[in-house]
Amino acid sequence: MNLGNICQQLDETKKALEHTLKSLELKPKNPNALLNLGIIFQHLEEPGKALDSTRNR
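Position in the sequence shown (first residue = 1) + 121 = our numbering.
Heads up, some of the hints might be wrong.
[What the hints assert, rightly or not] Label pairs and their in silico Cβ distance ranges:
1. T175 to L147: 14 to 20 Å
2. L131 to R176: 24 to 30 Å
3. L165 to N123: 14 to 20 Å
4. E133 to K170: 14 to 20 Å
5. K143 to T175: 24 to 30 Å
6. L124 to K150: 18 to 24 Å
7. E166 to L131: 16 to 22 Å
8. R176 to K148: 14 to 20 Å
[Stated by the list, open to error] Straight-line Cα separation of at most 27 Å, DSSO-like style, residue types lysine-lysine; simulated pairs:
9. K143 to K170
10. K135 to K170
11. K150 to K170
12. K136 to K148
13. K135 to K148
14. K170 to K136
15. K148 to K170
16. K150 to K135
17. K136 to K150
Derived by calculation from the structure, the hints in this document are not laboratory data. Here the structure is a predicted model, which means the values were calculated and not measured. Glycine is no exception: its CB is placed at the ideal position from the N, C-alpha and C atoms.
Whenever a hint applies, use it, and build me the whole structure from the sequences.
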């Protein structure tokens, strides 16, 4: 489990996004972080960004 996931479980989606983006700065091809990023964008009702987050990596 990571901090982004914990924030997501606590319904702190914006914090989850921040932590997940930081994780991707450290390891850009991390498949778990990329999946989490897509899920976060879905929760933020941004399906286009959810798709882009996995296509552009």
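Status of each hint after checking the structure:
no.	hint	in the structure
1	T175 to L147: 14 to 20 Å	18 Å, holds
2	L131 to R176: 24 to 30 Å	29 Å, holds
3	L165 to N123: 14 to 20 Å	18 Å, holds
4	E133 to K170: 14 to 20 Å	18 Å, holds
5	K143 to T175: 24 to 30 Å	18 Å, violated
6	L124 to K150: 18 to 24 Å	19 Å, holds
7	E166 to L131: 16 to 22 Å	19 Å, holds
8	R176 to K148: 14 to 20 Å	18 Å, holds
9	K143 to K170	17 Å, holds
10	K135 to K170	14 Å, holds
11	K150 to K170	17 Å, holds
12	K136 to K148	18 Å, holds
13	K135 to K148	20 Å, holds
14	K170 to K136	17 Å, holds
15	K148 to K170	19 Å, holds
16	K150 to K135	21 Å, holds
17	K136 to K150	21 Å, holds
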